Amino acid sequence: MWEVMQKLRAPLLPGVVALALSTAYLIALLAAEKQPLIIGLLAFAVVAVLAAHYLGWLDLVSRSFADREDVLGVYAILAACVVAAFFHDNHFVLLLFVTVLLYTVATLGLNIQFGYAGVLNFAGASFFGIGAYASAVLSTYTAVPHLLVLLIGGMLAALIGSLLLLPVLRTRGHYAALVTIAFALLLKTFLEVNDVLGGPQGMQVKGMSILGWSFNDNFEIGKIEMSFYLNYFAVSMLLLTGTFVLVRRLERSWIGLNLDALRLDEIAASCFGLDIARWKITAFLLGNFLIGIAGALFGMVGGFVAPNNYTFADSLIMVSILLLGGIGNPWGLVVATFIVVVVPEKLQTIQEYRILLFALIVIMMLLFRPEGLLPRPVRRYFPGWRA
Amino acid sequence: MSRIARQLSFIFASALFVGALVATAQAKDKIKVGFIGPLTGGVSANGLGGRNSADLAVKLRNADAKAKYEYELVVLDDECKPNVAVQVATKMAADKEIVAAATHYCSATAIATVDVYHKFGFPIIVWGAVLPDITYRAKYAEVHRVNGTMINQNDANAELISKIGFKNVAVIHDTTDYGKGHNEYFSKAFAKLDGKIVGTFGVTADQQDFTAELTQIKALNPEVIYFGGLTPIGVRIRSQMDKLGIKAVFDGTSGIVSDAFIQGLGPLAEGSLAFREGAPTEKLPGGKFFMENYAAQKYDNPPEAYGAFSFAAMDLILDSIEKVGPDRKKVIEELANVKERDSIVGKVTFDDHGQNTVAVITKYVVQDGKFVEWDNSEYATGKRKLPGQQ
Amino acid sequence: MDVGLLAQYVMNGLMLGMMYTLVAVGFTLFFGVLDIIKFSHGDVLTVGAFTALATYIGLRSAGVGSTPLLLLAMLVVAIPAMAALGMLIARYLVMPLRSAPALNTLLITLMLGTVLRESVRLFYPQGANPKAFPALLPTASINLGQFNLRLDNALMLAAGVLAIVGLQLLLNRTKLGLAIRAVAQDEETARTMGVNFTAVVLITFAIGSALAAYAGIMNGLYYNEINFGMGLYLGVIGFAAAIIGGLGSIYGAILGGFLFAALQTIGTVALPFASAYKDVFAFTVVIALIAWRPTGLIQEKISERV
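Residue numbers (our numbering), protein chains in the order written: chain G, 1 to 387; chain L, 1001 to 1390; chain E, 2001 to 2306.
Excised from the complex, chain G in its bound form (with noise of 0.2 Å):
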């Protein structure tokens, strides 16, 4: 029985194919300086998913990807280093880069919130700032080691938000969104009146540092010179790589059963003996807990904190790349957020109209794909069954 499941599985070519596409591709964007050579770059990447949509090869893919994941992976970190490899001493794009590996980590916590708990959080980008604002303490204050100092940062973000748990699990739909709304406008004017953590201006966080190796140089490797962001990058990408696993196989496992029915429909699920307000505990915590380390670790990496950073607005962005992205998809929220990060800040010519352009986007996608980009697909028991 095994063998033949093992023999229905889909081949691992296309998945391979496509993610090595996708790494030159995105080089040759990142790379890019021109304006009309990254207008041509976008347009190009349009019409092509659109073909190879129409092409069928877009169905190979997801199936490929479906079936072996655990390889393709190890195969996507490994073009992820390659990119990084060749930027090595390029700054801004490592940056560019660090800020979508810990944007990716925050949504999946905000994925496990809603794509399977169905508890909504618009305050996505307070917990954030909440694990930045407590490295920057933690830092500056303490000499605590600075991987306990993530740890930290998550763990308060997940204490604070367990504040919220009474109104929210009091309330359902709109009700259960006016309080995290009113949470994210109540901590940002918070953090702006209160001097103690610095104020409208902010504070500084000092560069990670682990055993003595500053994260905040720039080294080299016999005679090439190597941007300091690549220490960020070797932490982030671990990060994500932790978070990603976790996911998946909290997806999988019966704690991931349990939230979908939650999710799908709250009184049936009781009925089946489930304790509703357990498994949105659990969720929501969890979910805040990896927001916050993601917001710690992307506190060291810009070096400043400050209430601005942390607006309702971007809890909005937070909260649009998962609806971009398909709720409930991993490999869709990674799209997603190299799409909301990137692009704007490579097409310079449109960077005063990037929000606008942001909403209209959101909102042609809620009117005519409500599902995302990559939807994700229905629960699937045993590898090569199809639905």
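Rather than coming from a laboratory, the hints here were simulated on the basis of the structure. Treat the hints with care, as some may be off.
A few chain L residues that face chain E, going by a derived Cβ cut-off under 7 Å, partial list only [to be verified]: (1) T1040; (2) G1041; (3) G1042; (4) T1211; (5) A1212; (6) T1215; (7) A1219; (8) P1232; (9) S1239; (10) L1244; (11) G1264; (12) P1267.
Computed, partial: chain G to chain E, Cβ under 7 Å [to be verified]: (13) P167; (14) R170; (15) L186; (16) F190; (17) V193; (18) L239; (19) V362.
The structure displayed is predicted, hence computed values, not measured ones. Note that CB positions come from ideal geometry on N, CA and C, so glycine has one too.
On the provided structure of chain G, position chains L and E as indicated by the hints.
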């Protein structure tokens, strides 16, 4: 066409297309210099004026036949917000092609970014921010400033208020480092002259409603309301003062020296005080030269209060690059040796913290819809009286 | 505390409460009729205020100088324009998503709000800067000790009350109001009874957006200034006010609006660090109220919606 044929032709077409794109990506070399300022938001008038002035410096240099290099100005917007400023500063400093930059009007943004410039070894000259900490908090070789600091401004401010005979002042300041700095220096200076601060109120830089603070101030009955902050909330405070019937003198700092202040208030601006370091643009040594060339370019916005300093900063940068070449480290060394250098704002000398000394402080009062120098105004002669003046 | 000072605080609170209420009433109307939250309501307010300003500038440069005429013109242009905008939004963005999950509608209106805000910022000349709004109401004032009663504030307060009373009359005494209440209660039955569902929805959106324009002009007159971000702040507060009052109930919206303003004023007066923490205080109380009464202070009764 058969399916295979369709797929093959698609691959071929894409390859051709990509090849064509790559071929068109030819780079042309120019030396890049940068400018950062608030191009959008409440104080954008100053940012745009500064940008135009820096642009003027680059244009004039490019038109100069004796110049060794050709220059391109890269402009970024810091929106007068510290977090945005750090992002754009990181972006500019991380770009190895940009050699140096003239940066920041808002003190809140300038103080947030000094560490970024130091991290990347990127030489900058501040053109409009007045907070002393920017150059004095740490000794960074990368950071310089052509305009003065707020200390002298506030000394002159306290002196004038005291001379006219006002003894009770309420202070409103914004909670960024800029406002807090003004509060600190003014309070110190005024206390030295035996003046009394009846109350101090901190407000956020984008606050809309001041009725709460102003109601409390009304109960304290001060003669003067000192405002340490920028034009947008200055306009709001002054107009809400009127709504609550508070008859005190509105005393501001260099943050409100802007046409936007007068436009926003109309007749209510009459009798407001303001102070600024440096002589009015027309009276500067290179003032006439600057104004004539600026007008010739037909920019959409006037240079505003700090345009001349922006021009001087950019000119200094261009001079340094001409002398030592487009190398950041060499430019930093060269800027450290600036002593008694001629510029349109007078002689520039950077002290060991990179700070230039600007001795002159101009006192302004708004008279008939214009900022007029105090000594030339009808208020100084006694023909008109400030609210509450004896 | 001095009585005059107290009176001043009360007056400030009343003005704020009136503006919040006008916005909250809009939210409640939309929810009552379609069971959705139209988050772009605050930004419709902004567009309304800017439309009024543009009308003013246009007329002034055409030579019209009479103040009452200018004010009338602004009202006449901005209010129907926003009503039309509201109808367009309903027709093309909200109604198509009626069968989708509620989150989608919430998100699409949030994004629409962003589009409106950014459009004002980008396409109105120098939109990013705060703009001076003309003071078109008489500015005479009476000084009663510490309390300064201004005529224009009193007028605006009266006008706000009139608007709300007018709305209540419309809903309770007219056929249109009856139709709206019927649709709010039970869509299918109302249709069976011959009520034109689409028309009612569009008209309700028109009314709500008209109220927003009205609130926008009031806001402009009160602060003598408008800026492109004013709608976001007011929108969230209006939403919070509608929720704590209980979505679907006009009385709830009124209660919520004045309650929020009262919280802000109390926060200002009672807390030692002046008004810096007033918003933190108000929002904390909002969250606590939601935790205590999840469907609002005036409970959402199934039988009565609007």
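Return the numbers of the hints above that this structure violates; sort them in rising order. 12, 18
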